[in-house]
Each structure stands twice: as C-alpha cells, then as structure tokens.
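Generate coordinates for the entire structure from the input sequences, incorporating the hints supplied.
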Amino acid sequence: MTTKSYWQQFERQRISRRRILAVGGAGAAGLALAAACGGGTKGPAGGATPGGDDGTPRPGGTYRTAITGDWGTVNPLTSVAFGPGILAKMYNALVFQSPIQPDVFYHDLASEYEIVEDTTYIFTIRPGVKIAPNSLGIEERDLDSSDCVAWLDAITSAETAVAKRFTDIWLDSYDAPTPQEFRMVTKGPYAYFFFTMNTPVGGVIPPKEMLEMDMNSQGVGAGAFVLEDGSFVETGGANLNRNPNYYRTDPNNNDAPVPYIDRLEISRITDRQPRRTAFIAGEIDSYDPETIAEVEGLEQDISGLNVFEDPAYTFIAVTMNPTKEPWNNDKVRMAMNHALNRQQYVDVIVQGAGQINGLVHWPLAAYALSPEELETLQPFDPELSKQLIQEAGFELPLSVKFIYPASSDIQFHNKHLPIFLEQMNAAGFRIEEEALIFTEWLTRYTSVDYDASLSLNQIYETPEINLDFHQAEGPTSDGNFALGVGTLYPEVDEAIKTSKSSIDPVEQAELVKEAQRLIYSKGPAFLPIMSWTDYTVRQPKVKNWPRGLGTAMELWQNTAWLDT
Amino acid sequence: MGRYIVRRLLQAVVILFTLSIVVFILLRVAPGANPALVRCGLNCPKERLAALEEEMGLNGPLFPVSFSADAPIVDFHSDSQYGNWAQSLFDGSLGKDWNDNPVGAELQRRLPVTLELLIITTLLTVVVGVPFGIISAVARNSPADYLVRFSSVLALAIPNFWLGTLVLLIPQDQWGYAPPITTAVSFFDSPWDNLRQYVPPAAVLAAVSAASIMRLTRSSMLEVMRQDYIRTARSKGLREQRIIGRHAMKNALIPVATVLGLQVAGLFGGAIIVESIFNLPGVGIYTLGALLQKQYQVAQTLTLYIGAIVVLLNLFVDVMYAWLDPRIRYS
Numbered sequence: 005m006t007t008k009s010y011w012q013q014f015e016r017q018r019i020s021r022r023r024i025l026a027v028g029g030a031g032a033a034g035l036a037l038a039a040a041c042g043g044g045t046k047g048p049a050g051g052a053t054p055g056g057d058d059g060t061p062r063p064g065g066t067y068r069t070a071i072t073g074d075w076g077t078v079n080p081l082t083s084v085a086f087g088p089g090i091l092a093k094m095y096n097a098l099v100f101q102s103p104i105q106p107d108v109f110y111h112d113l114a115s116e117y118e119i120v121e122d123t124t125y126i127f128t129i130r131p132g133v134k135i136a137p138n139s140l141g142i143e144e145r146d147l148d149s150s151d152c153v154a155w156l157d158a159i160t161s162a163e164t165a166v167a168k169r170f171t172d173i174w175l176d177s178y179d180a181p182t183p184q185e186f187r188m189v190t191k192g193p194y195a196y197f198f199f200t201m202n203t204p205v206g207g208v209i210p211p212k213e214m215l216e217m218d219m220n221s222q223g224v225g226a227g228a229f230v231l232e233d234g235s236f237v238e239t240g241g242a243n244l245n246r247n248p249n250y251y252r253t254d255p256n257n258n259d260a261p262v263p264y265i266d267r268l269e270i271s272r273i274t275d276r277q278p279r280r281t282a283f284i285a286g287e288i289d290s291y292d293p294e295t296i297a298e299v300e301g302l303e304q305d306i307s308g309l310n311v312f313e314d315p316a317y318t319f320i321a322v323t324m325n326p327t328k329e330p331w332n333n334d335k336v337r338m339a340m341n342h343a344l345n346r347q348q349y350v351d352v353i354v355q356g357a358g359q360i361n362g363l364v365h366w367p368l369a370a371y372a373l374s375p376e377e378l379e380t381l382q383p384f385d386p387e388l389s390k391q392l393i394q395e396a397g398f399e400l401p402l403s404v405k406f407i408y409p410a411s412s413d414i415q416f417h418n419k420h421l422p423i424f425l426e427q428m429n430a431a432g433f434r435i436e437e438e439a440l441i442f443t444e445w446l447t448r449y450t451s452v453d454y455d456a457s458l459s460l461n462q463i464y465e466t467p468e469i470n471l472d473f474h475q476a477e478g479p480t481s482d483g484n485f486a487l488g489v490g491t492l493y494p495e496v497d498e499a500i501k502t503s504k505s506s507i508d509p510v511e512q513a514e515l516v517k518e519a520q521r522l523i524y525s526k527g528p529a530f531l532p533i534m535s536w537t538d539y540t541v542r543q544p545k546v547k548n549w550p551r552g553l554g555t556a557m558e559l560w561q562n563t564a565w566l567d568t
Numbered sequence: 025m026g027r028y029i030v031r032r033l034l035q036a037v038v039i040l041f042t043l044s045i046v047v048f049i050l051l052r053v054a055p056g057a058n059p060a061l062v063r064c065g066l067n068c069p070k071e072r073l074a075a076l077e078e079e080m081g082l083n084g085p086l087f088p089v090s091f092s093a094d095a096p097i098v099d100f101h102s103d104s105q106y107g108n109w110a111q112s113l114f115d116g117s118l119g120k121d122w123n124d125n126p127v128g129a130e131l132q133r134r135l136p137v138t139l140e141l142l143i144i145t146t147l148l149t150v151v152v153g154v155p156f157g158i159i160s161a162v163a164r165n166s167p168a169d170y171l172v173r174f175s176s177v178l179a180l181a182i183p184n185f186w187l188g189t190l191v192l193l194i195p196q197d198q199w200g201y202a203p204p205i206t207t208a209v210s211f212f213d214s215p216w217d218n219l220r221q222y223v224p225p226a227a228v229l230a231a232v233s234a235a236s237i238m239r240l241t242r243s244s245m246l247e248v249m250r251q252d253y254i255r256t257a258r259s260k261g262l263r264e265q266r267i268i269g270r271h272a273m274k275n276a277l278i279p280v281a282t283v284l285g286l287q288v289a290g291l292f293g294g295a296i297i298v299e300s301i302f303n304l305p306g307v308g309i310y311t312l313g314a315l316l317q318k319q320y321q322v323a324q325t326l327t328l329y330i331g332a333i334v335v336l337l338n339l340f341v342d343v344m345y346a347w348l349d350p351r352i353r354y355s
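First to last, the protein sequences are chains S and L.
So the number in our numbering is just where the residue sits in the first sequence, counting from 1, plus 4.
So the number in our numbering is just where the residue sits in the second sequence, counting from 1, plus 24.
Keep in mind the hints are simulated off the structure, nothing from the lab.
Ideal Cβ placement from N, Cα and C applies to all residues, glycine included.
There are no misleading hints in this set.
Now the in silico label distances, taken between C-beta atoms and shown as ranges:
no.	chain 1	residue 1	chain 2	residue 2	range
1	L	M25	S	M217	48 to 58 Å
2	L	L40	S	D567	55 to 65 Å
3	L	L34	S	D218	36 to 46 Å
4	S	T66	L	D115	34 to 44 Å
5	S	E144	L	D124	26 to 36 Å
6	L	L190	S	S307	18 to 28 Å
7	L	G81	S	S481	22 to 32 Å
Quick look at the structure:
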C-alpha cells in the first residue's frame, strides 16, 4: 500500500562532512548537518532531483486536483489561503529546509549557502534558473541576486506582507555583492530561518518585474510550472503548464528534464461528497479521505490506489488564559493537564489513527518529547486533577467559563468538544459553556477575550509557534490568540527565546525539549491534545509522488509522473 | 396599466434603497469576525491586521452623512463605505471583493450557470407539475390520483440537500457514474455533458416546486371543473378532452402561472444548496461564500441584485396576471 520514500537518498549524498545523531521519540528520524567548514558552515549543494522506484518516468499528462476554498490570491507576498499551494510551483525559494526532517534541504535558487557567525547567510545564486515564457512582457532571463533584493525590498515596505513579521523581528540587513551572491544578516541566530524565509507562504521569490505588476491573479516565475493566462479565478480554479525553461533534471533518469507532468488543472470543489464523487469517477487525481475506513472503501473501489499517510501537522488545544482566575493558579492549570485523557480523543475521533501530543506535537519527531517522558509529565489522572484543584484552595467541582464555536468547519473541532466536556466533569471541573457562532468565537479567541477555549487548529510545521503560545505575548508576540504562562514566569519566555537561538539542529532540538520541560513544571496554559494521520489517495496512474516529507517540502517536488 | 407599472417601478426603487441600507447595516452589526481577520489568516500579527483593515477600507466612515452632538452637527464624507459601494453600483463596476476581483466579472461568469439551472428547473416543474396535477384532478379519487398526491407529499417532505446527495451518490456507487463536477460545461461546448451536469440538480430543485405546482394545479382544476360554464359545455355535448383542454385548463392555470413566477424567485435560495452539492459555480454559492467570508461588497451587491430580481419578478407576475385574466384591472 505505501512505498518507501526515495527522498532520503537525495541531498545527503552531496554533503561532504556530516554529524549524525540519533534522536529518540516516536517516528524519529536521524539528524545530520554539514559540519563547520572554515569560518562558517557550508550547506550542501543541490541541483538535481532523483527519479523514483515506480518505473521509468515518462513525460506528459495532466494532473487534476481540487481545492476546497478560495485561493486568497496568488500574490507571493500576501497569500495565506490556498494560493501558497501553487506558489511553490510558480516561483522559487533560496533554500528550503524540511521542518520535519531538519537534515533535508531543498536547494532551489541557491545552489549553496554558507553561514558565518550564525547570523550571516551567504547564498550562491544558481545560474540557469530561467523565467518561464510569458505574455506579461517579462524577459526570459536568469534570476539573480537583484531579484532577491527586490523581493526583500517589497516585503519590508509592504505592511500586509506575510513575511514582514520575520523581517521586522529578525532581519538586520541584506545585499547583493554580485549578481550570483545574495547575503542576509539576521539580528541574532534564528533556528527557523530556512523554513520561515523560504516557505511558500510569503517566502518565494518572484522576478523583480512582477513586483511592479498586479500579482493577485497573475504571475510568472522560474518555477516548474507557469500559470496559464486567464485561467486563474479567485473563487474557482487555475491551470498551470510546465515551464519549458525549468532548470532541474532527474539524475536517476539520465538527467531528463522535469517536471514530467505537462499540466496541472486545479478546480474548486468545496463539498466533500462531490469531491469524492469526482475522484471515483476519475475527474480528479487526488482526494483527502477523512478516515481509514473511507480509505479502505476506496481501495475496494479502485484497484491499485495510491494511499499516502502523513502525520497531520495540526492539532486542537485547550487554551487557558493565565491572567484570569482560576487559570492564574499553577495547580489549576496542572489539574487541567491531568484531566485530559488524550488517548480517548485518538480512539474515538480517529479510531486510533493518531497519537497523543505533548507541548510539541509528535509529527515533529526531532522536537517532541518521547511518549515515555510524556507519560510522566502529563499522565491522565482525574483523581490527581481533583486533588490539585483542592490544593489550589477551590472546592469541587470548580466552575470555569469556556467558550467554543457551536459549529465549526475546522477539522474534528466538533468532535473534540463533547469528549472534552465529559472528561472535565469527571475530573473536578464544571464547565460553564458559552457556545458562540464561529466568527464571533474567532473574534473573541483572537482578542483573548476568554477564560478558556478550544483553539484553532492550524498547520504547525515547526515547533516555533507551539512554544510561542506559551510566551507572555502569545504566538504572534503581540497579545493576540493566547497569553502564555510566560506572563507569570519570565524564565519561560527566556527559555523559548533561547530555543530559537541555535542554528545547530541537534542543540536546538534539545533546547526545544528543555523549554517544554520547564513549561510543564510551571503548568502550561496551552495543551495540544492529539494529532492524527492524514490520508491522501491518488489515482493508480500517478507515479513517484513524494512521501514522508511533510506538506511544505512536498510542494517543491516535481518528479511525479503519470502512467497514462 | 401604464401608470400602474410606473407606480410599481417607483415603489421598487424605494424598496431597493431600503434594502441596501438594511443589508449594509446588518452585515456590519452581525456578530462575527472582522473581515480583515478572516482574510489575514491564522496567527495574524496586529500590525498586519491593522494594515489590512486600512487597505480594505474598513476604517472609513460608514455613510456619506454623519451626525454628532458636537459641532459640526452634520458632517459630510466624500469617501464613505456606503457611498463608495453605491457609486460602484451606478457605474456598473459593482465593486470589488477583498482580493480586488471585480464583482461584475464574477457575476458575468456565474449568472449563466444559475440561470440555466433555474430555466431547466422551471421547465421540469411545468412539465411534471402541470400534467400530473391535471391528471390528478380529472381522475379524482382514483389510484392515479392517490399516487400523484402521495408523490407530491413525499417530494415536499424530502429535504433537497439529502435528495441531492442521493442523486449524486447512488449512481456513483452502483454504476460508477458521475456528472461533470470539476468545471461548468457550456451547452455550446458540449450539449450532452451540459445536460448531464445541469439536469440532476435541476431535478432535485424541481422536485419540491413541481410538487407544489402539482397540488395547486389539482385544486385549481377541481374548482374550475365545478363551474357552471363547464357544466354547460358538457351539456352541449363537447368531448371531455376538449372541455379540459379548451375551457378548464386555461382558467385553472392562471393562479398556477402566478405562483410559478413567485417560485422562481424562491429558487434562488434553493439553488445555493444544489450548487454546493453538484459543485456548480453559480450565484447562489458565490453569495453564500461572500456571507461566510464577510465579503461586504460582494454580499451587499448580490443581496441587492437578488432583491431586484424578486421585486421585478413580482411586478411581472402581477402584470401577467392582469393579462391572463381580463377581469383584472389595475388602477
């Protein structure tokens, strides 16, 4: 059913020196990083993409898929909705680091990089990254460092740019000493630099000419695909055609040019049932089943179905406001920690297809605490919960106010709630429910106008935001969404800040774990419950689709092909 | 009649103006998230949120005129949210959504989809509802009558979202069949695929409307068949078919025609559900999306647009009623 990922063969072959460390924890992957070389750290050079083990790839064919909502534009500076899904196909990043396998780098526009004194990143711009043919009047030239400069100029001057948060907090300076060299200097060592500044959400680099044009509904770059003129509809679909100028080749297939797929057709199908119908009828090539039972049903309907299982880098959490009673009491927060039977959510909601979370969710294996350690830090113990409530000076049951959306489209949100309410009743809490319509709940959650709430779920591909929820000013560092236990214990903020300050992945992973242990000792106010397994199924004709890399990294891969 | 029409049109202007104010205010006072927050996405920093609010024009005055207790008591604003929206209606652009996409262009793309859906629905409603209503009336208390009446009650009772899901699910499950789902197929590009795509959702919508028309036709026919002139026609020796076709039907269908016109207006609401289930990119699903995402400009414009259609349809029905029944005269 599932095949072994071929991707691990890549990049590591090109690293001349490395330090390999074993990391414990569920699903852990080995960590490796190029060692120091002279005064800085040279990153591995990239350039080619591997073939796969599904046979000899053939060019051609149209891959059809569907999105479930609006694009939110295809503007590389501001798009946060579905747009980033194709921005990685249209544009380029410098170097993208897989957040879930930190030793895996994707070298795109930069063939090499060097890190000097942990804050200066020197990128060597790869020659031959050529802009696609287009009707926008942009010359089919190679991208160079001036495009990188223009890109950062645009971000730093646009109030609505997604990456502006990074540039405001972390970026010190940038310049282009030569057309083939681009330099960025951070204000301090930043562990998530490669992910943050190279993610499709705000981190892709358009040609500088595009920055002078309307990028909301059109665009051309040097990526693997080019947006078809007039095909993009904000509330509809989009078509992309293969970029004939794309620079990458497949070294496992005699350096054949990639992408193999000629065309991507993306339609919008909001409802699940028509999406499923379209997949079974062969109108689209991928679909997202909700449960393993649905996957098994589809396997019976479609022989040779490709099934992909990936951990969902998302979770729902219980959020407490530590500036309000009784959540300002450590023991009460600890009581909540022990009142949660996280395994029950896994068993009931996803029928066991998932695992419980610590403060960093289990899919981020390098950073998550082991199940054994979690058992000591957050054991389910409703009697202990009651005891802690009483030790805190409250009588049982302890009445607490709790807001939640009465109905929500957030995946599994509605299913978490009844389990939560039942567990709290058994553990000494009496929940005073305040059910709100979703948008009103979102407003109050955003402005931290609550005592306690379920959280939004969102995709957390690094541990950064997980931990930021525990800092005094919350995940956005400005008091929105949540206030962390750092409001009560400044050392928590210090530990979180320290965990971001190492660019050595081994050291950094340990700092992240130390920060979690400290937070547990203080009584966390943000408790992720569980993460589940996401399923994607693809038609049998789809070959060589990358596996196990995480959503963000997968977007950059272009060696899939269609056996039509 | 001319004066009547002019008077109704003037009333329509007042109604639509009032509707515009009401929908404008309701969208802003309704509880829910700031539209800038919806657009900004999750983990949105305050600075970015503020910048988006400014870009989306959410910080400007609501109306062109405002009142305050302090001087100036009356203040005029050239750049108000309502004023900008009204201007976009009059200049034909119909405004833009938060991502700068023209509403007019979207309407142009989506209206043919909804119109075709409604036309086919109306045709099915008439083709199914009227004949079966007549049969039911003529063969009163017969097995055919009972069957037709039972079917109509069943159709009225079944929710159309459930019916629509079954219409999609059963053929797919049993025969591996599905209509085109990913994109809207134009009739001129492929008539067969177009009909495959539109007839099932139209049939789902028509189930309820046909049932209503069926019942109305039946009762209307029964009433007409009891009239003296029908008895006279029979006593003159006319064949039953001629009596029904020439004399009864014409008069029985007058109320049916007027109700049908009003039903079309109501179909806009039902279209949202079937457009969603069958993935038809029509006006209904566009409106729903705009409301959910707090797309003020889009929601306001579409609500006003649909309101205008309803008002004009009502006028059309009233005028047609007078044309169908010469006894009706409007002063």
